Amino acid sequence: MGGLRVFLVALATLFMVAHAGHAAADNPRYAAFVVDETTGEVLHARRADDARYPASLTKMMTLYMLFEALERGDVTLSTEMTVSRHAAGQSPSVLGVESGDTITVETAIRALIIRSANDIAVVVGEHLAGTESAFATRMTSRARELGLTRTTFRNASGLPNSRQMTTARDMARLSIALHRDFPQYFHYFRERSFVHNGRTWRSHNNLVGRVNGVDGMKTGYIRASGFNIAVTAERNGHRIVTVVMGGPSAASRDNHAEELVNAAFRSFERREQILMAANDIAPRMNPIRMQDQIAVEIAQLDLRGPVAQGDADNMPALRVVLDDSPAPAHEPAAPAATGSAPAVQPSTPVRTASAAMPSGQWAVQVGAYAGEAAALARLETVRTLAPDLTTASLATPSVDTNGRRLFRARFEGVSADTARAVCRLLAERGEACFAVAPDA
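Taking the numbering used here, the leading residue of the sequence shown gets -16, the next gets one more, and so forth.
Simulated from the structure, these hints should not be mistaken for laboratory data.
All values reported here derive from a predicted model rather than from experimental measurement.
Think of the CB as a built atom: it goes at the ideal place given N, C-alpha and C, for glycine as much as any other residue.
Check each hint, because a few of them may be wrong.
Said to hold, decoys possible - Per label pair, the in silico range of CB-to-CB distance:
| hint | residue 1 | residue 2 | range |
| --- | --- | --- | --- |
| 1 | 370 | 207 | 18 to 28 angstroms |
| 2 | 65 | 249 | 45 to 55 angstroms |
| 3 | 127 | 398 | 37 to 47 angstroms |
| 4 | 82 | 373 | 50 to 60 angstroms |
| 5 | 206 | 65 | 25 to 35 angstroms |
| 6 | 404 | 55 | 45 to 55 angstroms |
| 7 | 373 | 62 | 53 to 63 angstroms |
| 8 | 128 | 87 | 27 to 37 angstroms |
Start from the sequences, fold in the hints, and give me the full structure.
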């Protein structure tokens, strides 16, 4: 029964991974990254190193700088910081302070995390560095020291600036650094609301309290970025960080992040089962890796909708339903309005042992597996890493070795040059691969 369950989940992935790839391709702002905070193991990555606008995820770096100042003794939680005219003039979202007002460091922390207040981000930057621009320079320098190699800050808030860029991977690194370096302040990221001058402000991070194990971090939005979120979560001793960037609405972003979080934790639960399956794999081939298992688990939401102009947190939740019925040529495939998922077919026809490999064509082999479903899931995963394989045919020819049947994971119908180039690319990424000559 357990083997059948793994088979069915893997088979369902053949549709879901392909569907997610189309959704991401249709949304150029989209990026996602999931990492095991403890081990650094990458569980899922999609456009994780592509440049993106951080929006209010910027405030995580502002908070990191403020926490460092607290630890150095430059400020205390009760230190009063003065609001300048420049700070008071920031665009929303703001706390609504006026020039000449003062605000404590602790209130500023809550205002940055919960209200995502742009005026308070400037107050912090000016208090620590004199000017916001000088503070942004310090932010960038410190970010590089933390390993955020593709991040540049030009302001303290995340308000639009064409040169303020980051990546999903860098935002995950920053999330990890905040939890690792400042556990004593991390409880602020779990707070759902705070009161200032008699007014209650509520957090935009709807996943805290909604998704089991989620305990922070931050959301962000500007028109150029789409809806961003960084999420930290812990279950059963496993800690992960999930980053989603470029969502078309707050609701779709939240739903997609929730799917990724749940998929990651399900993959941890199945690790023992996957390791057992790996024992049946030929030693010279790839085992079933954690990244493949999370690919099996992830049901990515469709991020193709129009970009919302506000933080529509009250939008109804989206539901993922699998449907393999063909869509009309003039419109994209959409989730079916049905309560059960029909059988799912691979996104590309698959050659099995009953059909011959195209004569004179080369192939790229990326593993051999005890189950055909695992081989197919591996092919779908690798295809996202190598664009040259987009039009290649999928093949799972079987071979009996020492009484065991293995299914080879192959891309067929490519030239010799393409096969070698793809294997070079995959080797650079640490992926096993070898080119298969015709009739081999």
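These are the hints, each one checked on the structure:
1. 370 with 207: 18 to 28 angstroms: At 26 angstroms between Cβs, range holds.
2. 65 with 249: 45 to 55 angstroms: Hint holds: Cβ distance 49 angstroms, inside 45 to 55 angstroms.
3. 127 with 398: 37 to 47 angstroms: Between residue 127 and residue 398, where Cβ atoms are some 41 angstroms apart, the hint holds.
4. 82 with 373: 50 to 60 angstroms: Cβ of residue 82 to Cβ of residue 373: about 56 angstroms, so the range 50 to 60 angstroms holds.
5. 206 with 65: 25 to 35 angstroms: Taking Cβ atoms as reference, residue 206 and residue 65 lie about 31 angstroms apart, which means the hint holds.
6. 404 with 55: 45 to 55 angstroms: holds (51 angstroms)
7. 373 with 62: 53 to 63 angstroms: holds (56 angstroms)
8. 128 with 87: 27 to 37 angstroms: Holds: the Cβ-Cβ distance is about 28 angstroms, inside 27 to 37 angstroms.
Of the numbered hints listed earlier, not one is contradicted by the structure.
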